[in-house]
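Engineer: Take a look at the letters that make up each chain.
There are 2 protein chains.
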Amino acid sequence: MIVVKKFGGSSVANEERIRNVADKCIKEYLAGNDVVVVLSAMGDTTDELIDMAHSINPNARQREIDMLITTGEQVSCALLAMAIGARGIPAISLNAFQVMMHSTSRYGNGRFKRVDTDRISHELDSRKIVIVTGFQGVNKYDDITTLGRGGSDTTAVALAAVLRAEKCEIYTDVDGVYTADPRVVPEAKKLEAITYDEMLELASLGAKVLHSRSVEMAKKYHVELIVRSSLHNVPGTIVKETTQVEEMLITGVTADKNTGRISVLGIKDEPGTAFGVFDLLAREKINVDIILQSIGKDGTKDISFTVALDDMDRAVEILERNKELLSIKEIASKKDVAKLSVVGAGMMSNPGVASKLFEALFNAGINIRMISTSEIRITVLVDQVDIDNAVRAVHKGFALEL
Amino acid sequence: MIVVKKFGGSSVANEERIRNVADKCIKEYLAGNDVVVVLSAMGDTTDELIDMAHSINPNARQREIDMLITTGEQVSCALLAMAIGARGIPAISLNAFQVMMHSTSRYGNGRFKRVDTDRISHELDSRKIVIVTGFQGVNKYDDITTLGRGGSDTTAVALAAVLRAEKCEIYTDVDGVYTADPRVVPEAKKLEAITYDEMLELASLGAKVLHSRSVEMAKKYHVELIVRSSLHNVPGTIVKETTQVEEMLITGVTADKNTGRISVLGIKDEPGTAFGVFDLLAREKINVDIILQSIGKDGTKDISFTVALDDMDRAVEILERNKELLSIKEIASKKDVAKLSVVGAGMMSNPGVASKLFEALFNAGINIRMISTSEIRITVLVDQVDIDNAVRAVHKGFALEL
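Line by line, the protein sequences are chains A and B.
Going by numbering that gives the first Met the number 0, the letters in the first sequence line up with residues 0 to 401, in that order.
Going by numbering that gives the first Met the number 0, the letters in the second sequence line up with residues 0 to 401, in that order.
Don't take every hint at face value.
Identical chains blur together in the list; that is why a pair holds if it fits in one copy or across any two.
To be verified - Pairs of lysine-lysine, DSBU-like flavour, derived with a Cα cap of 35 Å: (1) Lys256 - Lys139; (2) Lys139 - Lys112; (3) Lys23 - Lys328; (4) Lys127 - Lys284; (5) Lys139 - Lys127; (6) Lys256 - Lys189; (7) Lys219 - Lys355.
Think of the hints as simulated: they come from the structure by calculation, not from any bench.
Remember, it's a predicted structure, so these values are computed and weren't measured experimentally.
Could you build all of it, start to finish, from the sequences and the hints given here?
Structural biologist: Right, here's the structure in full:
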């Protein structure tokens, strides 16, 4: 069978770790499998190259930055090929030109359009371990593009998809996906399996294990992902279409402190006023998360919403500038808040998740400031000071440690 | 007109020097010319990468070493594009895949087979400065190959040839080609012009300004080369088919200390014995330089020849091993020798160069141990202790300082 293995920058940060990765690949190879490895650049190489670029030209064209930083993966891939070769196993490194990973033309944020399999299949057929540069594609101008955040994960999933690989293992510095952050909830349990949709909700909620793009692609092409540790030889978490653990009401509870609340007070209670506010923010590429609108009173209403902390000051400033235009009476903002979410495909068929969540928070004496839900997620906004307690209370409330 | 400019590793060793190179390129561009730049990797990057490779696998495949080290030129090219961009001039970096520099398949020592011009011409037409990675090609397997020593010079000449460039400037850390090494002969003069053949003799004699391969290619495709300083803005030396200075008897005098003499004494004076010796050495890839054979006496003869110092111990060892087979009585070797050569296309039409050379050495009291000549070169072997005096004496004897 074909196995795709992806290792991030910290897994190949030095010679010793590269040898460690080599051993993992060889073990898979000696088990009789065809092994395709996707690597990121070594350690902080990418950041160092970007620093050099900015020092030479703070407004360097992204095309040239992509040309520059993609050398990082080529270096790590060539070195891994040598490390595997040193153990007497044939290996070959391939860059995006050699595989032909066709991407859209946008530099710095390309998307795969098509990935050729000829070269990789040919090398696998001659029983080589094939090592492919992550994070990069070639666009229609024959230029190198990088894929943006989570790019190497996406490369691994794309290759697993086109090669119809049986397994796509994403090696990372955690052992898998947990029911909660083990640093906050020591009794948090590693999940054996999780669905794509659950993983997507978790990814977008700041569980930094997998980037949403790679999960979306895995879902689209039915690629089973395995998230596992590059350091400890333990099973990890499988990400797939459905899990057998449907009896679980929820899969995990996450916290996200990178959020702030903005309240727009006393705007006219007329059709179109809310649209005016959010259209303005959308034009400025500010993503709005939870939205809460009060019931109108005296011909006015209040709207509260959350944005990422990075966008908060800019959002407030934009609204202040358009205060009159939007007939806003007052703008208030609050940074010391945090989002808590419970995620679980099980909640689709099980009513009562929300009430159980609220009960757990009430018992812990935690005030809920806003609520938002999706099919498989319930998110509440609480004061930041309460968030860790809230996560622990909810984890316990749903008995996730069992 | 199209101008190709090549800068070596020391010319792009740091940010400041990259900016200096950017300025030179922009000046040419603003003069209305189409500018193609060929770069080596920054400073010692290539050596550092090779060290990393050897540390991971002392017997790493050359294919992977090529994959590794070619990232060096891609980095310097991208950074130069940014430095030029910072000055408001459009520039684009291209690697061997993007230009399509087709090479032979041998890794570590590829040769150009064909170089496409479409992409470069397209970028020049849109008035960009085009920056191409030196030292690399792509072979028929779609793999990156490096070109071996002098590779970036060869890239520059190849591009100048296929683009029919009017000028091919090789920037280096010397001001041009001199009549002798200025460190030995302070009154040595920079040559305005020199022929390909003269340059070839000089290059093969260890004047490290240009590698023979690039000169051979320039000769074949009639590319006029200009060797000039990357630091001082002075004219440099033109390398071309014929020079106007035919009245000069010789162009320069060079010394080469990287040589040793081996004497094979008392071998049978029969047909085939010399062949036996040199065939053996050729099989071991040991290049033999000057050869001197004594007149036979008592049915035996002596053969002396020179080899590069690096090969000397190995050559002696091989001969010792085959002493009986070759019916050699004795093998002697001497390392403290040096070659002095005078080079000049003028000597083809001017007899008496040799006698003038011998006279100069005789007047300086220097003993000649071996002699070898080509159409435009006379080489003598002297004791290493005499070499600097010999160079000065010959330089003066031919009045090269005038």
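Engineer: Return the numbers of the hints above that this structure violates; sort them in rising order.
Structural biologist: 1 and 3
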